[in-house]
Each structure stands twice: as C-alpha cells, then as structure tokens.
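Colleague: Read off the chains here:
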Amino acid sequence: MLGICLENVRKRVPLVHNITNYVTVNDVANILLACGGSPIMSDEPEDVEDITSICGGLNINIGTLNKRSIEGMYRAGRKANELGHIVLLDPVGAGASALRTDTAVGLMKEIRFTVIRGNISEIKTLALGSGTTKGVDADVADAVTEETLDTAVAFVKKLAEKTDAIIAVTGAIDLVADHERCYVIRNGRPEMGRITGTGCQLSGMMTAFVTANPETKLKAAAAAVAAMGLAGEIGWSRMQAGDGNSTYRNRIIDAIYNMDKETLDQGARFEIR
Amino acid sequence: MLGICLENVRKRVPLVHNITNYVTVNDVANILLACGGSPIMSDEPEDVEDITSICGGLNINIGTLNKRSIEGMYRAGRKANELGHIVLLDPVGAGASALRTDTAVGLMKEIRFTVIRGNISEIKTLALGSGTTKGVDADVADAVTEETLDTAVAFVKKLAEKTDAIIAVTGAIDLVADHERCYVIRNGRPEMGRITGTGCQLSGMMTAFVTANPETKLKAAAAAVAAMGLAGEIGWSRMQAGDGNSTYRNRIIDAIYNMDKETLDQGARFEIR
Amino acid sequence: MLGICLENVRKRVPLVHNITNYVTVNDVANILLACGGSPIMSDEPEDVEDITSICGGLNINIGTLNKRSIEGMYRAGRKANELGHIVLLDPVGAGASALRTDTAVGLMKEIRFTVIRGNISEIKTLALGSGTTKGVDADVADAVTEETLDTAVAFVKKLAEKTDAIIAVTGAIDLVADHERCYVIRNGRPEMGRITGTGCQLSGMMTAFVTANPETKLKAAAAAVAAMGLAGEIGWSRMQAGDGNSTYRNRIIDAIYNMDKETLDQGARFEIR
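Protein chains in written order, with our numbering: chain A, 122 to 394; chain B, 122 to 394; chain C, 122 to 394.
If you're looking for bench data, these hints aren't it; they were derived computationally from the structure.
It is possible that some hints are incorrect.
Note that identical chains are pooled: a pair holds if it fits in a single copy or bridges any two copies.
[To be verified] Pairs of lysine to any residue residues, derived as SDA-like cross-links and limited to a Cα-Cα distance of at most 20 Å, are as follows:
#  : residue 1 : residue 2
1  : Lys279    : Pro166
2  : Lys283    : Asp223
3  : Lys382    : Tyr195
4  : Lys338    : Glu282
5  : Lys132    : Gly314
6  : Lys382    : Ser174
7  : Lys132    : Pro311
8  : Lys278    : His300
9  : Lys230    : Asp263
10 : Lys188    : Glu170
11 : Lys279    : Ser358
12 : Lys188    : Leu249
13 : Lys382    : Leu280
14 : Lys132    : Arg315
15 : Lys200    : Asp386
16 : Lys188    : Lys340
17 : Lys279    : Gln361
18 : Lys188    : Pro166
19 : Lys382    : Ala362
20 : Lys132    : Glu312
21 : Lys283    : Gln361
22 : Lys188    : Lys230
23 : Lys200    : Ala219
24 : Lys382    : Gly363
25 : Lys283    : Gly388
26 : Lys230    : Leu280
27 : Lys132    : Ile393
28 : Lys230    : Arg307
All values reported here derive from a predicted model rather than from experimental measurement.
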C-alpha cells in the first residue's frame, strides 16, 4: 500500500531544495539520490528564491542555523508558498536555545508548512512554546511508548489541526498525522539513534516523497517514515562482526537505494488510528 | 601514458586549497588524500590569501556559495594568479540561479583559470551566458553522446580558445580540451550519478593532477578524468548484493587510493581528436 | 587502567558542544556517538551561549573558521568558562595563516582551556607565536620521534605549565601532558594520516572523555588518544584487498563503537614520563 509512494518518487524524480545543517548534509543528499529524488542545496538569501523556483519541494532544517541562513529560510519559504510547493520544517534543537525556538516558531507563523517533522521534544516545544531538548534527542520521559500512545496520537492530531500541517513525530514508535488520521509506524531499530542525522535524512526523503505524491500527502509522509525504519532493519541485518555506526550509516542509505515497492509493502508495519 | 600523471601526484604531494561547498567537502578532502595530494579548506576572505599562498593549486567550487565565500573566491583567485598557481573553476549550478551564473561569469572575467570543469549544461551557461540546469545535473537533451560528439568537441575547443583555459565537460562521454586537442574519454559508469559529489571530487583531484604536472596540464586534466571514471568501474566491480550508492561512494575513493600507474595506463579508454 | 575512562563516557553520556570545521564535522558527530557521547553543533554567536549551557564540554576547532564563527568561539568559550565546563582547543592550521594563528593565540588569552590538542607544528606555533604549517600536517622535521622524544616531553610539560592546560601533541608518537606528567602513547598507524579529520575526531572524542572523567582529566585525555590509535589498529586489521582510506575511515569509527574497557586496557601502549 505504501510502496506506490516510493515508486512515484523513482518515476517522477522530484527536485528538492534543502536548506539544511552542515553536519549531515552529505547523507541527506545521498539518501535523496538513493530514493530516486534529486537534491540541491542553497542557503544564501540572494540565491534561494531562484533555486527553490526550479524545485518541487523545499526542506528547511534549522540545525546549525545562522543569521544569514535564517534569512534564506524565510525567503525560500515565502517563494515556495507563492509557487504552491511542498514545504517541510525540521525544527532541530527547538527548545535547546532561544534562537532555535524563536526561528522555528517564527517560520511557522509566516510560512505554510506541508509537513513538520521532529522528535517529540521538538514538536512539544513548537506546540507549547517551551520545553527542554537534550541535544537533539527527545527526553526519555516524553517518549512515545505503548503506554503513552493514545495521548500522543491525540496530541499530534490536535497539532495537525492547529497548524494545518502534517505532523510527524519520530522515535521508538513513529506517528504521522493530519487532523483526522494518524499512522502509527513500528519500523526501525534503536541503534539508528547512534548515527548522526537519521532524522535529517528522513526529512529530506520525506520532502521528496510528499512532492512526488501530491494527491496522497499523508500517506506519502508515512511511507517515507516506514521506508527509513525498514532501511534501518535491512541495514542492520547486513551488519557483520566489528561493524559499527559508521558502516551502519552506509548500509541504511544502501537499503533505500535497493528498496522497491514490494519490499516496502511487505516490510512496513503500521496501523491507522 | 596517463599513469605518469598520477605517479607525479604521489611523488610531489601537491597542496591544494579548496573553496568548495559544504555538501561534498569531506569526500573532496578524502579523494585528494587518496590520490596523493594534500587538501586544505578555507573560505573566509581574510584567511584565503595566506592559505592559497602556501599551496600549489586552488580549486574554486561555487556550490553552496554565499556572499562571504564569493568574496573569498575573488581574493583567493587574484592571489593565486599573482603567484602563478594552478586555478580551477567548478561552476556548480551555473544556469540554475542568477547569483550562480553571475558569480561564475564574474570570476571568469577577473581570474585567469587554468581549467574550467562542469557538466555540459553548466559549461554551456558559461559559454552562452544563459541556459537551464536541472539541479546540478546536465539536461538530457544536451548530453554529449556519440551522435552529438563532433559538435561538442568543436564547442569545447572553441570555448578553450576563447577563455584560454582547459575545458573539461563530464558526462556519459567526457571531453577535456584546449584550443587544439580534445581528449574524448569513455571511462565511468552511469551509477556514479547516483552519488552526490563525484563531480566535486573530480574537480579537487584534477587540481592536484594539474598542479603536480605543470608541463603537461592538458594530459594531467585528462588523466584525472580517466582515473575518476576508472575508479567508478573498479569500485562497481567490488559491489556486493545489497550495496548501494553510499557504499559505492566509499569504494570509488578506495579505488583511487589503490590505483597505480599501470592500472591507470591499462584501464584508461580515450582518444585524442 | 585507561579503560575505565571509556566506561565512564558510556555511563555518563556527556553532551558535547562542537564549534568545528565543516570538512570533518559529520565524522566528529559519529565518533562522539560511537564512544558514548552526544554531540551538538552550533556556531552562530547568538545561539552558542544557550547551546553550551546545556552541555558539559565544549570543543573549539578553528579549521574553516570565519568572522562569524570566531565570534561564536569567543562567546561560547566565555560562557563555558563561567559555567566551569571542560573546554578544548584544536588550533587547526595555526601557523598557516595570520588569521588562524591570531585566533588561536587570542582565544588562549581570553579563554581558559582544559586541553589544547594539535600536531607538533600547530602546538609550536602557539608556543612560539610563529612557525610554518604544511597544510594541516606537522612538518616532518619537527616530528616527535624516539630521537627527539626527551626534548618534546620537556617542551609539552613546560607549555602545560605556562598555559595551565593539558597539552596533547599527536603524531607518530603521541604526548599528553600536564606540567608534571607526560603520557607517551605509541598506538596508531601511519595510514591514519591518509584520512581527513582523524585529528578533529580525536578532539571531539577527547572532549567527551575529559567531560565524563572530571577527577582524572589527564588520564582521560590520554585514554582518548590511546583509544583513537587503537581504533586505527583494529580498523586496519579489518581492511580487505581493494579497501582504501574511505573504508578505513568507517572502520575506525566502527572500532570505537565496539571498543570496551578490556579492549582498551589490553591494547593501549603507553608509558608515563
């Protein structure tokens, strides 16, 4: 069911403009190529409008933001809105600093986002205008677990309604919701948290998925989450004695490169609530 | 025949100053080390003149350019010209935005480049002052193929004459020309286009090759292209079931690391027109 | 003996704020995760104080510095000092440009560093306020060898006394000293110099080690050096025909990921002078 969304990415080769942090940008570019998209990066305010105009989607990630790139985010976002493009926000570290919180909240006021994707701590910050973030990982106390699932599902649906955006919260259990339906996805492995940037990679890939599936945006966002988690499982199954997080990073991107419709359809584990 | 150029890189260990984009910079540094060169990166205007002064070559890549780094490109370029250093331009995304086109064209006016290397779309933009770029890849319609080869060879020779630079156009068939002779190189694999930055890596490595072979610059530039393509073939031959573009990236750099004169001499497939 | 320091990193999961160059930043993040730490990157002056406040350690690396990030280094450093955090300086390229030398020397005047780590050329620049740096590698003539060891040990102890910081000089033989004791460490492989950023990675990891071992800072800094060198040995032992520096980079980070107390205790080769 979700596999068709991947197939559409490979068929339509969406061009995605990324304003993203310099820590994980190379992996974001490679996973976009792996899934069938085409990446282009630009953060200079005087460059971003032209670049985003030739793309179909825009991925804004605020990790390693600076004053220049923040201006680039606003200008690219406005232009993308004007053109009716898909726009995704990854509020990396929202809650960890005033600048990050203010930038994420400010962007949400001025730009219409198609999707907002983060960990539960970041998403709560956006929702509550406060919160704490331990680095860029979610507080364990605020993790989405089987016990807290009902509340969490209600929370993301409500936020989706309030923001008129798809809300994707990733963690041990992933949630992808609009105001009515919430995909609860149980793919992935805990070891993915020992690699830098699996979240950033997912945001890039999700932008490509939603851009290539404009009629089924929610499903496409869920498909990207399931594909990433499944790649984590496939990549892990190929690990050998002595391999660690650096090799695991390569194997996950490789698994996306080799994933087809059938693999995703068979491997995706989700329910809709 | 081309292998001697690689041998000279390993013998002379050219120090290459790179002003390059943050997407692929790590791979550029590692491939420079793999081929026997020594990389140093700096883009701050107040730092670049000192840094380029201790180097032998300068690699200017305009991907992820910003106003600060553009100033750095001009200052480094002028200083490198003053010192008679090798200077290469990689006009990433020229044609995709006004800022990129203007920067590439402006640099060409003020800096004497030893080599200009890009895809056919970018090079046409420089030549024509216009054009369209799909992300950073060449338009398929403008690809260099066996059918369009004669015209393309004539075009690059003419541009080489006009700019007094070696022109390298890379794609399915690669062309490296001065105003008289054009190397037509048929190494490489299409899957290299699914890795981010093989072009950026080639630009870094080509700067090292030309710097280490000042008496045979055209041949050295062609040798770098053949070495990169051959590494793509060797790397691909080592791919295993389940491997994808992330592992392929590693294997290509590894193949450069292990390449010797004989391997390059035997594996290079080219003619001179 | 040194293994306990690694165990403490895994137990205490120190959060490390990195202001580091964009060339090797991804590897720095991944090796921090591999050793058990948690990385966060931020260089915007208006962001760094908040970010460093939630961390335990600060790693300042001046490679690819710019005027904005230099201001970020000062502001983060002052705040970290105010909070009594661990602060490390990696003076990449000090001696290669006036801006780098001035920045490193200026930071040392205003910020109290817990550790200063570099190659012998960079450290001599800091000590002498002059010197030459071939790119970011040490001059061969100034290498620490068995012949020059006594002088080098005396030099680092003296500099440690003068700066009131732990001084770590890495090369063929590594030295980690305070004013009284110097760890002389003989782990590692020469091929590590063919990978970009093993020094940067070590600086990130060393910040985590010292942060997680506040009562035994000198020993913790030495443990990080031994762990990095040992990972270079273990990673090399897993190399297969055709592998090169790109794969080697992955295997080193993987070896840190898999290293335990016993492996480090048994593999560390050092003496205290």
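Colleague: With reference to the structure, classify each hint as holding or not holding.
Modeller: Hints, verified against the model:
no., hint, in the structure
1, Lys279 with Pro166, "neither (33 Å within a copy, 35 Å between copies)"
2, Lys283 with Asp223, "within (18 Å within a copy, 43 Å between copies)"
3, Lys382 with Tyr195, "neither (36 Å within a copy, 48 Å between copies)"
4, Lys338 with Glu282, "within (15 Å within a copy, 51 Å between copies)"
5, Lys132 with Gly314, "between (31 Å within a copy, 16 Å between copies)"
6, Lys382 with Ser174, "neither (30 Å within a copy, 46 Å between copies)"
7, Lys132 with Pro311, "between (32 Å within a copy, 17 Å between copies)"
8, Lys278 with His300, "within (4 Å within a copy, 60 Å between copies)"
9, Lys230 with Asp263, "neither (25 Å within a copy, 42 Å between copies)"
10, Lys188 with Glu170, "both (17 Å within a copy, 15 Å between copies)"
11, Lys279 with Ser358, "neither (37 Å within a copy, 52 Å between copies)"
12, Lys188 with Leu249, "neither (24 Å within a copy, 35 Å between copies)"
13, Lys382 with Leu280, "neither (31 Å within a copy, 46 Å between copies)"
14, Lys132 with Arg315, "between (32 Å within a copy, 15 Å between copies)"
15, Lys200 with Asp386, "neither (35 Å within a copy, 51 Å between copies)"
16, Lys188 with Lys340, "neither (35 Å within a copy, 40 Å between copies)"
17, Lys279 with Gln361, "neither (43 Å within a copy, 46 Å between copies)"
18, Lys188 with Pro166, "both (10 Å within a copy, 9 Å between copies)"
19, Lys382 with Ala362, "between (30 Å within a copy, 18 Å between copies)"
20, Lys132 with Glu312, "between (31 Å within a copy, 17 Å between copies)"
21, Lys283 with Gln361, "neither (46 Å within a copy, 48 Å between copies)"
22, Lys188 with Lys230, "within (18 Å within a copy, 28 Å between copies)"
23, Lys200 with Ala219, "between (26 Å within a copy, 16 Å between copies)"
24, Lys382 with Gly363, "between (32 Å within a copy, 16 Å between copies)"
25, Lys283 with Gly388, "neither (32 Å within a copy, 57 Å between copies)"
26, Lys230 with Leu280, "within (14 Å within a copy, 49 Å between copies)"
27, Lys132 with Ile393, "neither (27 Å within a copy, 38 Å between copies)"
28, Lys230 with Arg307, "neither (32 Å within a copy, 52 Å between copies)"
Checked against the numbered hints above, the structure violates hints 1, 3, 6, 9, 11, 12, 13, 15, 16, 17, 21, 25, 27, 28; every other hint is satisfied.
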